[in-house]
Structure formats: structure tokens, C-alpha cells
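Student: Residue numbers (the numbering used here), protein chains in the order written: chain A, 1 to 294; chain B, 295 to 718.
Just to be clear, a hint being listed does not mean it is correct.
[To be verified] Now the stretches of chain A that chain B is said to cover, found in silico as 3 or more residues with beta-carbon under 8 Å:
#	region
1	16 to 30
2	39 to 47
3	128 to 134
4	148 to 162
5	248 to 259
6	264 to 272
No lab work stands behind these hints, which were simulated from the structure alone.
The beta-carbon is built from N, C-alpha and C at its ideal position, and this holds for glycine as well.
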Amino acid sequence: MLRNRRNEAFFALVLVAPFVAIYGLVFVYPTIKLFMISFTDAPLIGDGNYVGLENYLRLPSDRRFGTALWNTAYFVLLTVIPGTLAAFAIALGVNRLAGRLQAAILALFFLPYILPVSVVYLLWDWTLNFQFGIAMYLFDMIGLARIPVFKSTAWFMPAVGVITIWWTAGFSILLFLAGLRAIPMEIYEAAALDNAGRWSTFRRITWPLMWPITALVLTIQLISQLKIFDQVYLFSTGGRPNDNVVMVYYVFQRAFQSDQGGRAAAVAVVLFVIVIVVSVLNFQLTRLSGGRGR
Amino acid sequence: MPNWFKFTKALLLAGGLMTSAAHAEEIVTWWDFFGGGDGVRMKQMVADFNEAHKGQIKIDATTLEWGTPFYSKVQTSAAVGEAPDIMTYHASRIPLAVKQGILQEITADDWKAMGLGQSDYAPATWDAVSIDGKQYAVPLDTHPIVLYYNKDLLKKAGVLGDDAKPKGMDSRENFTATLKALKAAGVKFPLGSVTADGNFMFRTIYSLVGQQDGELMTNGEFLSGDNAKKLENALAVLQEWTRDGLQSTYTDYPATVALFTSGEAAMMINGVWEIPTMTDLKKNGKLFEWGAVELPVIFNHPSTYADSHTFAIPANQGKALSPEKRAAVLEVMSWMSKQSLFWATAGHIPAYGPVTASPEYQAMEPNHTYSSLTKHMIFDPKTPLAGIAGPIFDVMSNYFVPTLNGEMEPTKAVEEIKAGLDDL
């Protein structure tokens with residue numbers, strides 16, 4: 001068949017143009033602008049003067065930036081791998097069920113995912129509130145001392161981590177379930193004929209075949225948890241915000257509370273770079289380790 | 295030809311009539327942040343205003359979320375010309391707003407047009423809306439914190455005075471004795487305090503610092519000289535009450551109100567905006583005998599933290615207010631100020647002097663009892679960092695919560711606060 005290459009290129013251009021235009025307008029342009037602002041002393045609204053690298057140079061000695069960096073890393077540690085494993089385990093369980101029961105159980109696990117973060121906050125505040133939380137009455141009953149979960153630094157991040165896993169696991173479960181269904185039954189039948197036990201079936205068949213999905217879930221989780229803001233913001237209002245601060249929260253504080261757009265932009269750029277580096281690294285690592293033995 | 299002339303004239307006339315009809319009712323867009331009991335009252339006032347100005351001015355009101363959401367939205371919408379014609383504003387947030395250029399000055403002509411002026415307001419209130427001698431808002435009220443108390447429980451513990459006020463309001467020792475007497479009488483929490491919310495406790499603690507003539511900021515420096523010591527003293531008193539089991543721990547705002555209204559806490563330090571809650575509960579027969587008074591004197595002299603709800607005109611970028619609209623906005627501010635007796639039922643103390651001086655207000659209880667504190671009010675330090683939901687609030691809050699609940703020593707907390715404030 002004869003093709004008019006020029007014509008084709010033109011069509012391709014027309015087809016991608018709307019996307020490129022919107023992408024450029026709402027992503028590329030603001031990103032470039034962000035980099036530019038980070039070198040100025042701009043307030044939240046309007047332009048500032050060029051200050052070179054000052055906004056970056058003051059970050060290492062900025063205590064709150066240090067706290068934010070550490071808390072974000074801690075939160076990622078608490079949620080990414082545990083969250084992925086929990087979702088995988090639940091998916092394995094749900095996969096064994098059949099028909100309506102499976103649908104019902106899956107719906108139960110998926111339900112939290114559709115809740116807005118504000119509702120999640122209210123639910124857990126009602127549960128863990130120090131004076132009136134339902135859980136506290138249980139503590140009283142079994143004779144434990146009440147714990148001010150969201151007001152103490154030791155409990156805050158683990159609690160928010162658990163809540164985040166509970167809240168977001170539904171989506172990962174769906175991905176895992178789709179992956180599990182895509183594994184052909186014949187492979188399991190062959191394994192059964194070879195007298196493979198449950199554990200070796202899982203280790204030699206399910207786990208390696210699921211690895212691409214696991215890697216995908218890990219990457220999605222990693223990126224979204226690095227950008228955590230909502231839960232931390234809501235649960236720490238009034239409490240100890242500066243001890244629980246995470247990167248995006250710090251950007252928010254600098255920009256909207258302190259009216260320092262330039263310094264906020266610098267922190268945002270740092271986070272941007274971290275997300276890119278970590279996710280590329282994560283992707284490469286999971287790809288390499290998954291390639292082993294195949 | 296004459297026909298044509300007549301026709302054109304008629305057309306012009308009709309056009310003129312139509313435009314004047316369109317101009318006759320000036321729509322004033324309005325944003326406020328009153329969500330609770332005071333929100334209901336503000337809606338009533340807006341409805342009353344619209345009724346009284348039928349065909350001339352109509353307020354199109356929207357209520358937004360109090361605090362950071364409201365102020366973030368105002369900042370960004372003023373920058374793109376989408377802010378309303380008038381909005382409510384906290385006096386404590388004015389320094390930041392002026393620095394950002396999002397408020398219009400209320401000029402001397404404006405004050406004259408409204409029929410209001412400096413002499414109508416308490417000096418501290420007028421000062422709170424002034425930056426470098428210029429005014430940027432019209433104060434509607436002042437809303438301090440007060441001490442709520444349960445008369446039944448106090449009487450039972452023998453600490454209700456003959457004047458129906460709590461005993462021991464004059465010194466730290468005596469007030470602590472009152473708390474201890476309540477504890478001894480079997481009250482679970484003699485004092486309900488919002489100990490889980492450092493933002494809120496800022497008001498109490500700042501009042502106690504004010505009772506020692508302490509200042510947060512002097513010449514641009516935080517907690518200089520013995521001001522740090524005064525903050526430490528204030529924290530120490532509150533921590534002592536926690537240690538002695540006299541005050542509720544890790545209690546957030548709604549829980550504090552619930553502890554008081556359920557009778558588990560005998561007294562409560564809270565804003566006057568909770569007055570409607572008490573009034574309404576009492577009206578339905580669901581509340582004990584209660585009262586509200588000025589804070590006790592724990593240190594040298596009475597002093598109470600207050601903020602002020604004001605009306606402000608946003609400086610919309612690229613969208614000037616027409617003179618007619620501006621006149622309408624001024625009329626709104628003037629009318630609301632002069633009708634603010636009704637606003638007093640929301641607990642707030644009207645800022646407009648003639649209202650508080652009126653016999654009707656003098657007869658309102660407990661409003662009249664606590665209105666004496668207007669003489670002892672202190673406002674936030676005047677810096678863009680201050681104000682509700684501002685960075686100072688966050689720094690303070692961060693160390694107030696552990697200190698008030700006995701996790702951190704006041705000395706250490708003050709050190710950290712000073713370091714945190716200097717980081718800003």
C-alpha cells in the first residue's frame with residue numbers, strides 16, 4: 001500500500017495537538033515557571049527578585065525542611081512495601097472465593113478507596129479521639145491507658161500509615177486480582193501434576209508471574225506516598241503540625257502561610273527531583289530483579 | 295422626519311429606563327466564614343438588610359470554610375480579580391493582607407459616608423484595623439475568650455460566690471483552690487481546656503502572657519528579654535493544672551464543648567462564640583444554670599486575648615469597583631455595624647460603641663457581664679506572620695500540646711518556640 005508519509009505525519013500532529021497543548025499549558029509551563037520562581041524571592045502572588053541559589057542553600061540548615069524530609073521517608077517506609085504486601089495477600093484471599101461472595105468481599109475491601117479524605121479523617125477521628133473515640137472505650141475496658149494517637153509524635157506517622165493503607169489498598173487489590181486472573185490455569189494444573197506444594201507453587205509460579213504487577217503497584221504507591229499531604233494535614237491540624245510536617249505540607253506552609261513563593265518553589269523542586277530519581281531507581285531495580293532467572 | 299425623531303427619543307428613553315432599572319438594584323457579592331451558630335445569625339442579618347434595601351441593594355452571600363481555606367481563596371482570587379465586593383476578615387490577618395496588597399484602604403471619605411469614625415470604637419479595636427495610620431477594615435465585633443462555668447456544680451462544691459460568679463478569680467492560688475475544691479467535690483474535670491489544639495490554646499496562653507505585660511514581638515524580635523520567661527510562666531500554670539488532674543488532657547475543640555455541656559467539666563475557657571450553643575441548649579431545657587465571665591487574673595492584672603471580625607473590601611486586580619457599587623458596599627458595612635445588637639446574640643461584643651452603650655445591650659446576659667473585658671483586651675502582634683491560621687500559630691501549637699499535657703517542660707518548650715519563630 002502506498003502511504004503519503006507527509007500526510008500521515010500531519011494527521012498524527014493534528015491528533016496529538018490537543019493533548020500536547022493542554023499538557024504544555026497545565027504541566028510543562030507551570031513546571032518551568034516553578035523552576036524559575038525557585039530562584040527568586042517571590043511572594044505567593046506576583047513576581048520577585050532574582051536571588052540565585054539562596055532558596056536552595058538555606059535548605060540544609062532549615063530544621064523544618066529536615067523534619068519534612070525525614071517524615072516523608074518514614075511514611076514511605078511505613079506504607080509502600082507493607083501496603084503492597086497487604087494488598088497482595090488480600091487479593092490472593094479474594095481470588096480463592098467465587099461468584100457473588102467474591103464480589104461482595106471485594107466490594108468491602110474496595111469501599112474505603114471511594115471515600116474522600118475528609119470522610120476518612122472524620123471516621124478515624126471518631127474512632128481514635130482521646131476523649132470520645134470508640135477505640136478509647138475499648139482501651140478502658142481491657143485496662144490499657146488511653147493513647148493520644150494523633151497528638152503524639154511517636155504514634156502519629158504509624159497511625160496515618162495504617163489508615164492510608166486501609167484507605168488505598170482497594171485499588172492495588174484490583175490490580176493484583178486482574179494479574180492473578182491473567183495467569184493461565186494450565187500452569188497451575190501442570191504444577192499440580194508435578195506434585196508441587198502450595199508454597200512452591202506460590203514461590204515458583206504466582207510470585208514470578210505477578211512480578212510485573214507488583215513492580216507497577218510498588219511504583220504507583222511510591223510516587224503517591226512521596227506526595228502525601230491530605231491525611232497529614234487533616235490529622236495534625238491544631239496538634240503538632242511542625243513535627244508531623246511532610247514535604248508537600250512544607251511547600252504549602254511556605255507558600256500559603258508564610259507567603260514565600262520562592263522558598264516554597266525551591267522545596268517543590270527538591271521534591272520533584274526526589275520523585276523522579278526514586279521512581280526511576282525503583283523501576284530499574286524492580287525490572288532487574290524481576291528479570292533474574294527468566 | 296419628526297416621526298423618526300420621536301421614535302429615536304422613545305428608544306433612548308426606553309434604553310435609559312432599562313439601564314437605570316438595571317442599576318437600581320446594586321448586587322453586592324459577599325463572602326464570609328461564619329459556619330456555626332453565628333452563621334445562622336449572620337444569614338438573618340443579611341436577609342434583614344436585603345429586606346430593608348429592597349430594590350436598591352442586594353447582598354449575594356456565600357459562606358466559605360473558616361480559617362486557612364478561606365484566606366487561601368481570598369489571596370488567590372484577589373490576584374485574578376475574582377474576589378467578592380465585600381468580605382469578612384479577621385483583624386489579626388490584616389498585616390499580612392496589607393503586605394500582599396489584597397485589601398483596599400477605608401479612606402476618611404469612606405468613614406464619613408458610613409457615618410462611622412474612630413470615636414465609635416475601643417482604642418485597641420481601632421488600632422487592630424490600622425496599619426501605619428491607615429484603616430483597612432471596618433470592625434464588626436471583638437470576640438475574646440471567656441470563662442464559662444456551671445453554676446450548679448460550683449454551688450455544690452461551695453465555690454460559687456454571692457454575686458453568682460466563681461470564687462478565686464483574683465489570683466493564681468485562689469483560682470487553683472477553686473479548681474481543687476471542684477475536684478474534691480467529685481467533678482471529673484474542674485477545667486475543660488482545648489489541650490489537644492495548640493492553635494486554640496494560643497488565645498489562653500497569650501492572655502496569660504498579657505497579664506504579665508509580656509509581648510510576643512518587640513521591634514521585630516520574638517520573645518526578647520524577659521518575655522520568654524513570661525511565656526514560660528504561663529505554660530507552667532497550665533501544666534501544673536494538668537499534673538494535678540484539674541484540667542482535661544488531649545481534648546480537642548468539640549470534645550471540650552461536649553465535656554462542659556455534659557457536666558463532666560465544671561468550667562471551660564472558650565470563645566464567646568459558644569454563647570449561642572449554651573443559650574439554645576438552655577432554652578430547650580437541656581442545660582444547667584450557667585454563666586460566663588472575664589478570665590481570672592492569674593498574674594498581675596486582667597488581660598484577655600481578642601480578635602475582631604471586620605468587613606474589608608478586596609483589592610481586585612484589574613477590576614475596579616464602580617462608585618455606585620462602592621457606595622453600596624459602604625452602606626452594607628455601615629448598616630451591619632449599626633444593627634450589630636442582633637450580632638451580640640451570637641456572643642460577640644459589637645465593636646460599634648453606641649450599640650454596647652445602649653440599654654438593650656446592657657440588659658443582655660451574660661454578654662453585659664463579660665463585656666467589661668473590652669478595657670483589658672490585647673490583640674495579636676502586628677506582623678504578617680501573626681493571625682489565625684498563620685505561621686506563628688503553628689510554631690506555638692507545636693510545642694503547646696506536649697507542654698500542656700505534661701510531656702515537655704515549659705523551659706524546653708519556650709526554647710523550641712523561640713528557635714521555631716526565628717526560623718520563620
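Student: Would you mind marking each hint as holding or not holding in the structure?
Tutor: Cross-check of the supplied hints:
Here the region 16 to 30 of chain A counts 0 residues with a CB under 8 Å from a CB of chain B, which misses the bar of 3, and the coverage is violated. Under a criterion of three residues with beta carbons nearer than 8 Å to beta carbons of chain B, the stated coverage of the region 39 to 47 of chain A is upheld, 4 such residues being counted. With a threshold of 8 Å between beta carbons, the proposed coverage of the region 128 to 134 of chain A by chain B holds, since 4 of its residues qualify and at least three are required. Only residues whose C-beta sits within less than 8 Å of a C-beta in chain B count toward coverage, and the region 148 to 162 of chain A has 3 of them, enough to reach three; the restraint holds.
Requiring three or more residues with a Cβ within less than 8 Å of a Cβ of chain B, the coverage given for the region 248 to 259 of chain A holds, as 5 such residues are present. With a threshold of 8 Å between beta carbons, the proposed coverage of the region 264 to 272 of chain A by chain B is violated, since 0 of its residues qualify and at least three are required.
Hint compliance for this structure: hints 1 and 6 are not met, and every other hint is.
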